[in-house]
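Peer 1: The primary structure of each chain is shown beneath.
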Amino acid sequence: MQADPTLTWNVGRDVGEVLEYHFMVNALLAGSIVAVMAGLVGWMMVLRRETFAGHTLSMMAFPGASGAALIGVPATWGYFVFCGAGALAIGRFSGGKSRSWSEQSATIGAVQALALALGFLFVNLYGGVLGGLDNLLFGTFLGVSDGQVLVLAAVTAGALVVLGGLARPLLFASVDADVAGARGVPVRSLSTAFLVLLGLAVAETSQITGVLLVFALLVTPAATAQAITARPGLSLWLTVAIGLVVVWAGLGVSYFSVYPAGFFITAFAFAIYVIARVIVGVLGGRSADLKAPAPESPPPRGVIA
Amino acid sequence: MFSQEFMRNALLAGTFIALACGVSGWFVVLRGQVFAGDALSHVAFPGALAAAAAGVDERVGLFAATVAVGAGIGALGRTGGAGAGRGAKMAAAAPADDAAIGTVFTFILGVGVFFLTLFSTSSGGGAGIQAAHTLFGSIFGLAAGEARLAAAVALGATLLTLAIARPLLFASVSPEVAAARGVPTRLLGVGFVALLGVVAAEATQAVGALLLLGLLAAPAAAAHRLARGPFAGIALAGLFAVVAMWGGLALAYAVPSLPPSTTIVVLAVGVYILAAFMGRRTVMMRGGAS
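Those protein sequence lines, which keep their order, are chains U and X. Here the first sequence is numbered in my numbering, starting from 1 and rising by one per residue. Here the second sequence is numbered in my numbering, starting from 1 and rising by one per residue.
Wrong hints could be hidden among the right ones.
[Claimed, not checked] Ranges of calculated distance between the beta carbons of each label pair, as one might list FRET restraints:
no.: 1; chain 1: U; residue 1: Y259; chain 2: X; residue 2: E5; range: 37 to 43 Å
no.: 2; chain 1: X; residue 1: I273; chain 2: U; residue 2: R231; range: 54 to 60 Å
no.: 3; chain 1: X; residue 1: D57; chain 2: U; residue 2: A167; range: 47 to 53 Å
no.: 4; chain 1: X; residue 1: L155; chain 2: U; residue 2: R231; range: 39 to 45 Å
no.: 5; chain 1: X; residue 1: F277; chain 2: U; residue 2: A153; range: 51 to 57 Å
no.: 6; chain 1: X; residue 1: V243; chain 2: U; residue 2: T192; range: 52 to 58 Å
no.: 7; chain 1: X; residue 1: L251; chain 2: U; residue 2: G158; range: 52 to 58 Å
no.: 8; chain 1: U; residue 1: T192; chain 2: X; residue 2: A71; range: 24 to 30 Å
[Claimed, not checked] Chain X is nowhere near these chain U residues, computed Cβ spacing over 10 Å in every case:
no.: 9; residue: G54
no.: 10; residue: S102
no.: 11; residue: L118
no.: 12; residue: F120
no.: 13; residue: L125
no.: 14; residue: D146
no.: 15; residue: V185
no.: 16; residue: L213
no.: 17; residue: A216
no.: 18; residue: F256
no.: 19; residue: A269
no.: 20; residue: I279
No lab work stands behind these hints: they were computed from the structure. Using N, Cα and C, we set each Cβ at its ideal position, and we do this for glycine too.
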C-alpha cells in the first residue's frame with residue numbers, strides 16, 4: 001500500500017528503528033492481519049446493521065479471557081469459546097422472525113450484561129490482578145508472540161475462506177431478506193453463521209486491541225468506507241485500506257510516545273471517519289444527487305492524507 | 001445485615017438507582033435505544049477518568065460526559081421511536097445510525113484509555129483501581145453522603161421520567177401522529193436521552209459503566225414481555241430492577257466472594273430469562289387457542 005512510507009512522522013530512519021525490534025514487527029504483523037480480518041467482517045456487520053451484536057460479541061471476549069485465566073487454560077481458548085457461544089446465543093434468541101428491533105436489542109443487551117457480569121466475577125475469583133484487567137480490556141498490542149501471530153494468520157485464513165464462500169448469499173440476504181428467503185436462501189442459518197464468524201473475528205481482534213477497543217477496527221473503517229461510497233467492491237477495499245493505515249500509523253506513533261497504541265488507533269480511525277463524513281456531507285450538500293458521482297474519487301485521497 | 005452502615009448506604013442508593021434504571025429502561029427498550037444506552041454507559045468511563053486526571057470529583061466528569069453525549073446522540077440520531085412497532089426484517093428494523101453510535105463511542109473509549117495513561121503517569125498508582133471502580137462499580141464503598149445524594153438524584157430522574165411519560169409514550173409509539181398533534185417529539189427525544197445520561201451516571205456508581213446495561217435493559221425487557229399496558233409495564237420494570245438490586249445486594253453480602261455488581265446483573269438477567277420463557281408459553285397458548 002502507498003501508505004507505508006507515512007508510517008511515522010519523520011520517515012526513513014524511524015521506520016528502520018521501529019522494524020529493528022522483534023516485538024514491533026510482531027505487533028505490525030498481528031495488527032495487519034487483524035485489520036484485514038476485522039475490516040472484511042466488519043464491513044458485512046455494518047451493512048447488516050448488526051453493530052450492537054458485534055459490540056456484544058466483543059464484550060464476550062472479556063469473560064472468555066478471565067474465565068480461561070481462572071481455570072488455567074490459554075486465554076485464546078476462552079476467547080473463542082465465549083465468543084462462539086455468545087454468537088450462537090444471540091443468533092438463537094434474538095433472530096426470530098416475529099421480533100421487532102427493540103426486542104432484539106433488549107435481548108442482545110441482556111446477553112451482554114450477563115457476559116460482563118460473569119467476566120467481572122471471574123476476575124474477582126481469580127484474585128483481581130488489576131494490571132491484568134487493564135490489559136484484558138485495553139489490549140496488549142506490544143506483547144504479541146510469534147505463536148499468536150501464527151494462530152491469528154490461520155484463523156483469519158479460515159474465516160476469510162468461509163466468508164468468501166458465504167459472501168454472495170449473505171449479501172443477498174442482508175440487502176433484502178424477504179426476497180432472498182423467497183428464492184430459497186436459508187436466511188436464518190446464514191445469519192447465525194455470520195454471527196459465529198463475527199464472534200471469531202472479535203475473539204481474534206480483542207487479543208490484540210483489548211475487549212473495549214475491538215470496535216475501532218471492526219466498525220470504524222467499515223462505517224467510513226460505506227459513508228464514502230455505496231459501491232460494495234470499492235468500499236470493501238477501502239475498508240481494508242483504512243484499517244491497515246490506521247493500525248500502522250497507530251502502532252508507529254505509539255512507539256514514539258508514552259500513550260497506548262489503542263488510543264492512537266481509535267483516534268486515527270475516528271479522525272478519518274469524521275473527515276470522510278464532512279467531505280461527503282459537503283459534496284453531497286453541493287450536489288444533492290442520488291448517484292453522487294463526485295464522492296467516489298476525492299474522499300479517498302483526503303482519507304489517506 | 002442492616003446493622004452495617006455500608007450495607008444501609010448501598011441499599012438506599014441502590015433502591016433508587018434501580019428504580020430510575022427500570023423506569024427509564026422501559027422507554028429505552030420501547031424506543032429501541034438499547035444500543036444508545038450501551039454507548040452512554042461506556043461514555044461514563046472516560047468521563048470519570050478525565051475528571052480523575054484533572055483532579056476534580058469523578059461525579060462531575062461522569063455527569064458531564066453522559067449528559068453531553070446523551071444530548072448529542074439524541075440530537076444527531078434519527079432513532080427517535082423509529083424501531084418501535086416495526087417487525088420482521090432485521091436490516092430494516094434496526095435504526096440506521098448504529099454504526100455512527102458505535103464509531104463515536106469507540107473513539108470515546110480510546111480517549112478513556114488515554115486518560116487512564118495520563119492519570120497513571122501523573123498520580124502514580126491508583127489508576128487501575130480507579131478504572132476498575134468506574135468500570136465495575138463499587139456500591140459497597142459508598143459513603144453516607146454519597147448514597148443520599150445518589151438516591152436524591154435517582155429519585156429526581158425517576159420523577160422527571162414519569163412526568164414526561166405520557167407525551168414520551170405518544171412520541172415513541174407513533175412519532176408522526178404525535179408531531180402532528182403538537183407534541184415536541186424532537187425535544188422529547190433529546191431530553192429523554194439526556195435524562196438517560198443522568199441515570200447512566202448514577203448507575204455507574206452502583207454497578208459500574210460496563211454492567212449498568214443489565215440494570216437498564218433486562219428488567220425493562222422482562223416487563224415488556226409480561227405486561228400489557230404501558231403503565232403496568234413501567235411499574236413492573238421498576239419493580240424487577242429493585243428486586244434484582246435487593247436480591248443482588250443480599251446475595252453479595254451473604255457470599256463475600258461474589259461481587260455485588262455481578263449478583264445484581266445476574267439476577268436482573270435471570271428475571272428476563274424467566275419472563276422470556278413465561279412470555280413464550282403465553283404466546284404459544286394464545287396461538288393454540290385462536
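Peer 1: Next, verify each hint and record whether it holds.
Peer 2: Right, here's what the structure says about each hint:
1. Y259/U / E5/X: 37 to 43 Å: Because 41 Å falls inside the window, the suggested range holds.
2. I273/X / R231/U: 54 to 60 Å: For I273/X and R231/U the Cβ distance comes to about 43 Å; the hint is violated.
3. D57/X / A167/U: 47 to 53 Å: 51 Å, holds
4. L155/X / R231/U: 39 to 45 Å: Given range 39 to 45 Å: violated, Cβ gap about 53 Å.
5. F277/X / A153/U: 51 to 57 Å: 43 Å, violated
6. V243/X / T192/U: 52 to 58 Å: 33 Å, violated
7. L251/X / G158/U: 52 to 58 Å: Check failed, 42 Å falls outside 52 to 58 Å.
8. T192/U / A71/X: 24 to 30 Å: Between T192/U and A71/X, where Cβ atoms are some 37 Å apart, the hint is violated.
9. G54: The claim is violated: G54/U sits with its nearest Cβ about 8 Å from chain X, within 10 Å.
10. S102: 4 Å, violated
11. L118: 7 Å, violated
12. F120: Not fine: 5 Å to the nearest Cβ puts F120/U too close to chain X.
13. L125: Contrary to the label, L125/U does not stay out of reach of chain X, its closest Cβ about 6 Å off (not over 10 Å).
14. D146: The assertion about D146/U holds, with a minimum of 26 Å to chain X.
15. V185: Check passes; 14 Å lies beyond 10 Å.
16. L213: 6 Å, violated
17. A216: 5 Å, violated
18. F256: 15 Å, holds
19. A269: 7 Å, violated
20. I279: It holds; I279/U is separated from chain X by about 16 Å at its closest Cβ, greater than 10 Å.
Comparing the model with each numbered hint stated earlier shows that hints 2, 4, 5, 6, 7, 8, 9, 10, 11, 12, 13, 16, 17 and 19 do not hold.
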